[in-house]
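*Asks:* Listed below, chain by chain, are the residues.
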Amino acid sequence: KAGVTQTPRYLIKTRGQQVTLSCSPISGHRSVSWYQQTPGQGLQFLFEYFSETQRNKGNFPGRFSGRQFSNSRSEMNVSTLELGDSALYLCASSIQGGYTEAFFGQGTRLTVV
Amino acid sequence: QKEVEQDPGPLSVPEGAIVSLNCTYSNSAFQYFMWYRQYSRKGPELLMYTYSSGNKEDGRFTAQVDKSSKYISLFIRDSQPSDSATYLCAMSAMGNQFYFGTGTSLTVIP
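Quick note, the sequences are listed as chains A and B, same order.
Reminder that position 90 of the first sequence reads as 90 in my numbering, one-by-one numbering, no gaps.
Reminder that position 30 of the second sequence reads as 1030 in my numbering, one-by-one numbering, no gaps.
Do not rely on the hints blindly, as some may be mistaken.
Derived DEER-like restraints, expressed as beta-carbon distance ranges [stated by the list, open to error]: (1) E1057/B / Q44/A: 43 to 51 angstroms; (2) G1009/B / S22/A: 29 to 37 angstroms; (3) S22/A / S1040/B: 20 to 28 angstroms; (4) T38/A / Y1051/B: 39 to 47 angstroms; (5) Q18/A / G1059/B: 39 to 47 angstroms; (6) K13/A / S1073/B: 21 to 29 angstroms; (7) P8/A / P1081/B: 40 to 48 angstroms.
Note that these hints are calculated values from the structure, not bench results.
Virtual Cβ for every residue (Gly too), placed ideally from N, Cα, C.
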């Protein structure tokens, strides 16, 4: 059974640019959640998508946005990148979200210079 | 107050020891509890998933949930150097987001 696939694995961007990250969930999973992980803050919840609708949202500025497609694949976009956006971005897929097991991808490591 | 509190460690134990990892939480609505293991520069790997109170065992791992105390634990028996990683607890209520602890760094010394 294929796991959660995140692309790309590594990215280097310049301040002010924008970036799009992709997440392909496990087949049959309809919920995709995104997290930012930094050494000081741990895992910070960005948002969750379920059946193409944003169902939950964390406390991140509007520069962080996402979407989900009809095949449950999800993308996350960060506009006007700042140095502080450098982090490991993780997505997790689950069948239904909140009460079902969540499986993570390997993450995209974003470095903003 | 954070939703989930987890001692960051670091925790260092000799090979073969029993390891106890713990989290406390404040939201009594949490019903679903998970433990993840994360190796350096990798995504978290789901170890255990439990619902409500009680114990669940899987090989060398035992997860305990005490909802009355809002306290969950993960025990690792016969710890191995390969268990050296960061352990994250996570929890949620029905239909809501997962809330994570900050992780406990564990080193098992051969």
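*Asks:* Taking 40 to 48 angstroms as the stated bounds, is the beta-carbon spacing between P8/A and P1081/B within them?
*Replies:* With Cβ atoms ~32 angstroms apart, the hint is violated.
*Asks:* Has the hinted range 39 to 47 angstroms been met by the Cβ atoms of T38/A and Y1051/B?
*Replies:* violated, 30 angstroms
*Asks:* Against the range 20 to 28 angstroms, how does the distance between the Cβ atoms of S22/A and S1040/B compare: consistent or not?
*Replies:* holds, 23 angstroms
*Asks:* May I ask you to test the hint 21 to 29 angstroms on the CB atoms belonging to K13/A and S1073/B?
*Replies:* violated, 41 angstroms
*Asks:* Using the C-beta atoms of E1057/B and Q44/A, is the stated range 43 to 51 angstroms upheld?
*Replies:* For E1057/B and Q44/A the Cβ distance comes to about 31 angstroms; the hint is violated.
*Asks:* Given the hint of 29 to 37 angstroms, is the C-beta distance from G1009/B to S22/A inside that range or not?
*Replies:* holds, 33 angstroms
*Asks:* Could you tell me whether the CB distance from Q18/A to G1059/B stays inside 39 to 47 angstroms?
*Replies:* Holds, since Q18/A and G1059/B (Cβ atoms, about 45 angstroms apart) stay within the stated range.
Violated hints, listed in ascending order, are 1, 4, 6, 7; each of the other numbered hints is respected by the structure.
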